[in-house]
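The whole structure should be built from the sequences, with the hints applied where relevant.
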Amino acid sequence: MEAYALTDVGRVRSQNQDYIYFSSDPAGSLGNLLLVADGMGGHNAGDYASRFAVENLNSYIGRHRGASPVKILESGIRQVNRDLYRRSMESQALSGMGTTLVAATAQEDVLFVANVGDSRLYLFRNGRLVQVTRDHSYVEELVALGQIERNSRDYLSKKNIITRALGAMPEVEVDFFEQQLQAGDLILMCSDGLSNMLDKEEMESVLSEHGTLKSKTEKLVDRANEQGGYDNIAVLVADPQISEVRSC
Numbered sequence: 001m002e003a004y005a006l007t008d009v010g011r012v013r014s015q016n017q018d019y020i021y022f023s024s025d026p027a028g029s030l031g032n033l034l035l036v037a038d039g040m041g042g043h044n045a046g047d048y049a050s051r052f053a054v055e056n057l058n059s060y061i062g063r064h065r066g067a068s069p070v071k072i073l074e075s076g077i078r079q080v081n082r083d084l085y086r087r088s089m090e091s092q093a094l095s096g097m098g099t100t101l102v103a104a105t106a107q108e109d110v111l112f113v114a115n116v117g118d119s120r121l122y123l124f125r126n127g128r129l130v131q132v133t134r135d136h137s138y139v140e141e142l143v144a145l146g147q148i149e150r151n152s153r154d155y156l157s158k159k160n161i162i163t164r165a166l167g168a169m170p171e172v173e174v175d176f177f178e179q180q181l182q183a184g185d186l187i188l189m190c191s192d193g194l195s196n197m198l199d200k201e202e203m204e205s206v207l208s209e210h211g212t213l214k215s216k217t218e219k220l221v222d223r224a225n226e227q228g229g230y231d232n233i234a235v236l237v238a239d240p241q242i243s244e245v246r247s248c
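Going by my numbering, the first residue of the sequence shown is number 1, and it counts up by one from there.
Don't read these hints as lab results, they were simulated from the structure.
Every residue, glycine too, gets a C-beta built ideally from N, C-alpha and C.
Each pair of labels, with its calculated beta carbon distance range:
1. V70 / R125: 19 to 25 Å
2. P170 / R125: 36 to 42 Å
3. G96 / A183: 43 to 49 Å
4. S24 / K71: 20 to 26 Å
5. N56 / S24: 17 to 23 Å
6. I161 / A183: 37 to 43 Å
Take a look at the structure:
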């Protein structure tokens, strides 16, 4: 597994509340770990929430072994959520804070993904970008009910309203996804500071270019800023390095 990750404050916000983490070394019984969080809350609360979620989940996973990737991620995220919620109840300065979280680990040729909120994980394969996670947002719930069309005017005006976040409630529901990996696949994880600025075709164009993971990541951030940079931007591009023999 190789990866490159970058966060940027953007061109409008004064503080960066996005937080990312990547390790190709084992974390507990997981062979690798990728995390992206997008905090929310006034003053320093959003920054605190995203950093707390990423650092404490990484610590939890490092201390727990033996369970399946899904069970480790689920128990860790639930524990971090309880701890974060308790902190928000104990401090007026942190009241109302929360954070999205998308977490992933590749075990041999299977990618395990956990998601809370609207930060995303995509799989890039054969020039096409497919969103693996499902946004926990007000508009996506309306799309599922057939009450609104995706990318309509109403959808775009309300797409930042999320319906699930770490730290918002004492308990949290986590969505899980499993994806079979193939040779040549890339993993893209990002906050909505990227996905709200660039459409899928623009991201596909950057990922299709020749170059390093670093150059692709930096170009995605640059493109988001060129489009306005209205939010913090977090981008993580990973190559799971699946061999042709293993992917058959």
